[in-house]
Amino acid sequence: MQNETIKQAPLLEARNLTKVYEDGVKALDNLQLTVHPGEIFAMLGGNGAGKTTTINIFLDFIQPTSGNAFINGIDANSDPLEAKKNVAFVSENVQLYPNFTAMQNVDFFVRLGGKSQYKRSDYEDALVRVGLQREAFDKKLKDFSKGMRQKCGIAIAILKDAPAILLDEPTSGLDPKAGKEFTRLVGDLRDEGKAILMSTHDIFRAKEISDHVGILNAGVLVARKTNAELKGVNLEELYVEYMAGYMEEVGEPSALINNLS
Amino acid sequence: MFKLIFIKELKEIIQSSRFTISFAVCSVLIILSFFMGAQNFLASKAQYEAAVQENRNQIAANTEWTMVEHTISLPPQPLSTIVNGISNDIGRNIEMRGRGELRANNTRFNDEPIFAIFRFMDLEFIFGIVLSLFAIIFAYDAINGEKVSGTLKLCFANSVSRATFIGGKLAGSFVGLSVALLIPFLIGCALLPILGIQLSSDEWVRLALIILSGLAYFGLFLALAMGISAMASRPSNSFLIGLVVWIFAVLIVPRASVLISGRLVEVPNVDEITAQKNRYRIQLFNEDRPKMANFSVPDGTEPSEVMSLFSSHMSELSSTRQEKIDAFTERINEEYANKRKRQEEVALGLSRISPTSVFTLASTELAGTSLRLQNRFMDSANEYQNVYSNFMTEKTGQDGGGGFRMIMITSDDQEEPEYLDPNEMPQFEYSRASLGEVTENSLIDIGLLILFNLLFFGGAFVAFLRYDLR
Ligand SMILES: Nc1ncnc2c1ncn2[C@@H]1O[C@H](COP(=O)(O)OP(=O)(O)O)[C@@H](O)[C@H]1O
Ligand SMILES: [Mg+2]
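Chains as they are written, first to last, in my numbering: chain G, 290 to 550; chain U, 45 to 514.
No lab work stands behind these hints, which were simulated from the structure alone.
From a predicted model like this one, the values you see are computed outputs, not experimental measurements.
Keep in mind that the hints are not guaranteed to be accurate.
To list a few chain U residues with every Cβ distance to chain G over 10 Å, as calculated [as the list claims (entries may be wrong)]:
(1) 70
(2) 79
(3) 316
(4) 329
(5) 512
Pair ranges (Cβ atoms, derived) [as the list claims (entries may be wrong)]:
(6) 51/U / 354/G: 31 to 41 Å
(7) 370/G / 284/U: 29 to 39 Å
(8) 461/G / 304/U: 51 to 61 Å
Quick reminder that beta carbons are idealized off the backbone N, C-alpha and C, glycines included.
The following block holds chain G by itself, in its conformation from the complex (with noise of 0.2 Å):
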């Protein structure tokens, strides 16, 4: 699979990318990481690592300090407007208007993505497609439960139909059957030929589904690993040491490094 994706340019493309906040925090620190048509990557890492800020630049929500981020070869920070037409976003916590149903918000952000063929057949498709209970098809947002909303978030996402999608640690939060079923549909969207980069916490989901795996921390993608490089470590292991060694602010990745090897 390494072998085809290489050949085919990549939909998704962090270049150089470093971004110090105005408080002099360095949230990236000349980040590079390529995701292709097919290919899930997962961004892995705890809590201020940097992944929001990966994906808030992708999205042009904020500007690289130097570096630059390109969605299908379209630079997101100097051409916004066009690069965005080529991604589709789930964040980490779906919000939608909550006085518009599901159906009502997912007709608005569709057709905001610029897709105005749709008829609600459609929208029940992708609705049912990603697990909603059809009674709360045309019940308003504000009764929904965070995995009611991340649901509607991902059928927003499948119905732009981008080539490229951004998930934000979309997972969190979700009960194991959720997070479940959401792993699965996020599978299904890549063997569709989509380009994913999703950040996660969540070392055994990042495994389960990803065709790369690129550890950050503070900043600083530390180990970037296959799938197939995966394989045989211990993931328990791996976990808590990766975890301990972000809590308890180590910075200094090696063991980490040496354990993923």
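With chain G fixed as given, assemble chain U with the ligands onto it according to the hints.
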């Protein structure tokens, strides 16, 4: 894309409970204000008609024109139903005199002081205070609320420009809310004829202009609140800032400008001026005293001759004195009027910092109840004074200017005294400003309302272009 955001904003507003509640409250208030305004107008009209009738009766009960105490009255302005302006505060009746200064008295609030405490709830109040507050309540979290709730990020994950987004939001909320507000207004307007208020086509146009300026006023507060919402990080902050701005615009600036202008331009009060005139009168009289005492006649003049010489000497002195007094009064009145006018101009100019004052000035002007109402009434009365004076001179030989009257009643039992015909008295007409005049006079303020709109819409736009979307 614009249309999509526009319609979303519109739907979002209409589906919110915030809208349901405030729409209900506004509708009730607006329709109620039409009702109350109509009641108020009809009461004023009845009082006016009674005063006119009373005056006629009084004339008809007299047999001598010299005995008539003629009073003219200011008819109520039909549009005071909508915008009271100063119509309740100014004197409505003037006791006519052939010459000298005229004074208007009997204000509505003087008759019914209870209303002076709470004022009336007219449309100007509804717009100026209630609707501007609603504009802030609706828009204070328009931007930062979407940021806090997270929908802003999801929107801008798409190929949407900020200009389109804020433009759609501004237009959507403005159109949504103003169309909603127009409904109770139209109901109120339709009620007017039913409530017994007949408006001329002129006045309908003016009413439409008042409502349009009200909507412009509402729009500028909406844009202002949305701009604040795009500058403050949290909705609670922007609500607080909006409220402070509102308090200044609605409550502080208009009052402060009057106080400040009072400091900047000193104007003597009316009592001071009257005292000044009286002092001058006494001074002149004292100056004339020696001349009166020095009256002498050549010896041997007949006593009756002496009497008539003395009388003409005295009246000569008196009329030169009167001439001087008249000149003095005229000068002092003019000075007073000029100073007062300057003070007014300063006050109005200062108050125009606040959109609320601008709206008040525009709407009262259009309704014919602005400060000009008093001036026009006095101008009309002064013009009428000449007509009245001529009429009285013709009837009685005196101009009816007051002073001593000598009345000789020769009783003749054979002859019934003949009562006066009130129809002979020339009619007083209050000359209302024409549509052209009021629109011309309100042009500055309507222009300012538009300017405020452009300013605040532009401000909201710029604030959002620089907004941190995360
Ligand atoms: N607006 C900001 N200003 C300053 N520092 C920030 C800002 N946003 C995030 N950071 C810092 O940047 C680092 C990376 O944050 P983030 O990308 O949100 O991490 P993650 O999504 O991986 O949890 C953290 O140390 C965080 O405190
Ligand atoms: Mg994050």
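Consistency of the hints with the structure:
no.	hint	result
1	70	19 Å, holds
2	79	33 Å, holds
3	316	63 Å, holds
4	329	82 Å, holds
5	512	8 Å, violated
6	51/U / 354/G: 31 to 41 Å	39 Å, holds
7	370/G / 284/U: 29 to 39 Å	35 Å, holds
8	461/G / 304/U: 51 to 61 Å	59 Å, holds
Checked against the numbered hints given earlier, the structure breaks only hint 5 and satisfies all the rest.
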